[in-house]
Amino acid sequence: MKNNNSQKNQKLRNDIILAVVIVFIAAAGLLLFVLTKQEGSTVAVKIDGVVTDTYPLSENREVSIKTGENDENINILTIKDGKASISEADCPDKICVETRAVSFVGETIVCLPHKIVIEITNEKTDDQIDVAV
Amino acid sequence: MKRFLSLLLGVVIITIQMIGFSGCDNETQPEKFKAYYFDYFDTATTIIGYAESKEEFDKICEDIKTQLNKYHRLFTIYNRYEGLNNLVTINDVDDGKHNVVTVDKEIIDMLTFAKEMYHKTNGTVNVAMGSVLKIWHVYRNAGLDDPFNAELPPMDKLKDASKHTNINDLIIDAENNTVFLADPEMSLDVGAIAKGYAVEKVADYLESKGITNFLLNVGGNVRTIGMADTEKWKVGIENPDTNNEEQPYIEYLKVAGESVVTSGSYQRFYVVNGENYHHIIDPETLMPGTKYRSVSVLTDDSGIGDAMSTALFLMDYEDGKQLVESTDNVEAMWVLPDGKQQYSSGFEAYTFEYVQK
Ligand SMILES: [Zn+2]
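Going down the list, the protein sequences come from chains A and B.
Using our numbering, read the first sequence as starting at 104 and increasing by one per residue.
Using our numbering, read the second sequence as starting at 7 and increasing by one per residue.
Honestly, the hints are just simulated from the structure, not real lab data.
Note that the structure is a prediction, hence the values are computed from the model and not measured.
None of the hints are false.
Lysine to aspartate or glutamate pairs mimicking DMTMM-like chemistry, simulated, CA-CA at most 20 Å apart:
#, chain 1, residue 1, chain 2, residue 2
1, B, K346, B, D322
2, B, K121, B, E290
3, A, K197, B, E157
4, A, K227, B, E37
5, A, K227, B, D235
6, B, K40, A, D156
7, A, K218, B, D45
8, B, K76, B, D48
Please build the complete structure, drawing on both the sequences and the hints.
Dropping the structure here:
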C-alpha cells in the first residue's frame with residue numbers, strides 16, 4: 104500500500120513535469136509565432152491606386168519603377184537595411200526623393216507627378232501610424 | 007500514457023485556440039481600407055476608412071471624390087473649366103480691370119471665411135497676396151526646373167507687387183453672390199486656406215451622412231471623422247530635420263474627430279546658392295518665414311487648422327501663443343530653429359509615447 108502510494112506520487116510528479124514542459128514548449132512556440140508575426144513587412148508599390156509590386160522590407164534591392172504611357176517616367180525604389188526610399192526620380196518636383204526613408208507600417212512616400220505611392224504594409228499587424236503630417 | 011495523451015491533447019487545443027484568436031479576423035469586424043487620388047488641389051489625397059466591405063468603402067470614396075472635385079474646380083487659381091466661374095475667373099483682367107463675377111455660394115462662403123481669418127491673424131493670412139505669391143511661384147518653379155540657374159525674386163519686384171494686396175479691395179456681395187477685385191493689379195491666392203476649408207466641408211458632409219471611422223488627408227491637411235475603428239487615429243508629427251534618420255517623428259498624437267495640419271520650412275522649397283527657400287511667404291518681409299522649422303496645429307476644424315498653421319508659422323511666438331490660447335479648440339506645437347519644441351497648454355493631452363517594437 105505504501106509502495107503503491109509512492110509509485111502514484113512518482114507518476115503524478117512525472118505528469119506535472121511533463122505538463123510544465125509541454126506548456127513551456129507551447130508558450131515558446133506561441134511567442135515565436137507572435138514575434139515572427141510582427142516581422143515580414145512589405146513594401147507595396149501602387150501606381151494610380153493599384154498595387155503593381157510588393158517586395159519584402161528585409162531584403163536589400165533597387166527597383167526601377169516605370170510609369171507613363173511609354174514608360175518614360177522613372178523612380179528608383181531603394182530598399183536598404185529595413186528602410187525604403189526613392190533614391191532617384193525624374194519627376195519635376197522631386198518631393199518623393201526628398202521624403203525620408205520609411206519603415207513603419209502605414210508610412211508612405213508619394214510621387215504626385217507620377218501617381219506613385221510606396222507604402223509599408225504588414226497583413227499581420229496594425230498600422231504603427233495612420234498618417235504623418 | 008493515457009493521461010499523458012489527454013494532457014498533450016489539452017495543451018495542443020488550448021494553443022491552437024490562442025493562435026486562432028490572435029490571428030484570424032472576425033467576420034463582423036469592419037476592415038481597414040485605403041485609397042489614393044492625385045487630381046485635387048495639386049497634391050496627393052489619401053482616404054483611410056473602416057468599412058464592412060471593399061464595395062462599401064469604394065462607394066464612400068466615390069462620394070468623397072465628387073465633393074473634392076467640386077471644391078477643387080471652384081477654388082483652383084490655375085485651371086479654367088467651361089461654364090464655371092471660379093477663382094481664375096475672379097482673377098481675370100479684361101480691358102485693364104477685373105469683372106464683377108457671379109459665383110457659387112461655396113466661393114462666397116470660403117472667401118468670407120478667408121476675410122475672417124485675415125482679421126483673426128492680424129493680416130498674416132491674406133488671400134489678397136496673389137500678386138506677390140505669383141512671383142515666388144514663377145521663380146520657384148524655374149528654380150526646380152533648372153536648379154543650377156535658380157534665382158530669388160528681385161525685392162523691388164516683390165515690393166511693387168505688395169502694393170496690390172489690400173484685403174478691403176476684395177469685395178464680396180453675399181446677397182447677389184458676386185465677387186469683385188477693386189484693384190486691377192491684385193489677385194487672389196487661397197493656397198493657405200482653401201484646401202483645409204474644402205477638407206472641413208467634405209468632413210462635415212460625411213458626418214451629416216452618419217459616416218464615421220474615416221480619415222481624409224489632402225496634402226497634409228488631415229481631418230479625422232470619428233475613431234480608427236475602436237481606437238483613436240495615430241498621427242506622427244514629422245521631424246522637420248529630414249536628415250535625422252533615428253527620429254522620423256518628433257511627436258505622436260492620438261485623435262478622434264480632430265484635424266492636424268503642419269506648416270514647415272522643409273515641405274516645399276527650392277534651393278538658391280545652397281540655401282533653402284520654402285513656400286510660406288511672410289507678408290511683412292515678402293520672404294519665406296524664418297521663425298520656426300515647423301508649426302503643427304490641432305483643431306476641430308481643418309479650415310481653421312490650415313489658416314492657423316500658416317499664421318503661427320509667420321507670427322512671433324508670444325503673439326502666436328496668445329492667439330492659440332484665446333481661441334477655443336485650437337492647440338499648437340512650435341519647433342524653433344534650434345529644434346526646441348514649445349507647446350500650447352492643451353497640446354500634450356493628445357500626445358502618446360511611441361514604443362519601438
Ligand atoms: Zn516624385
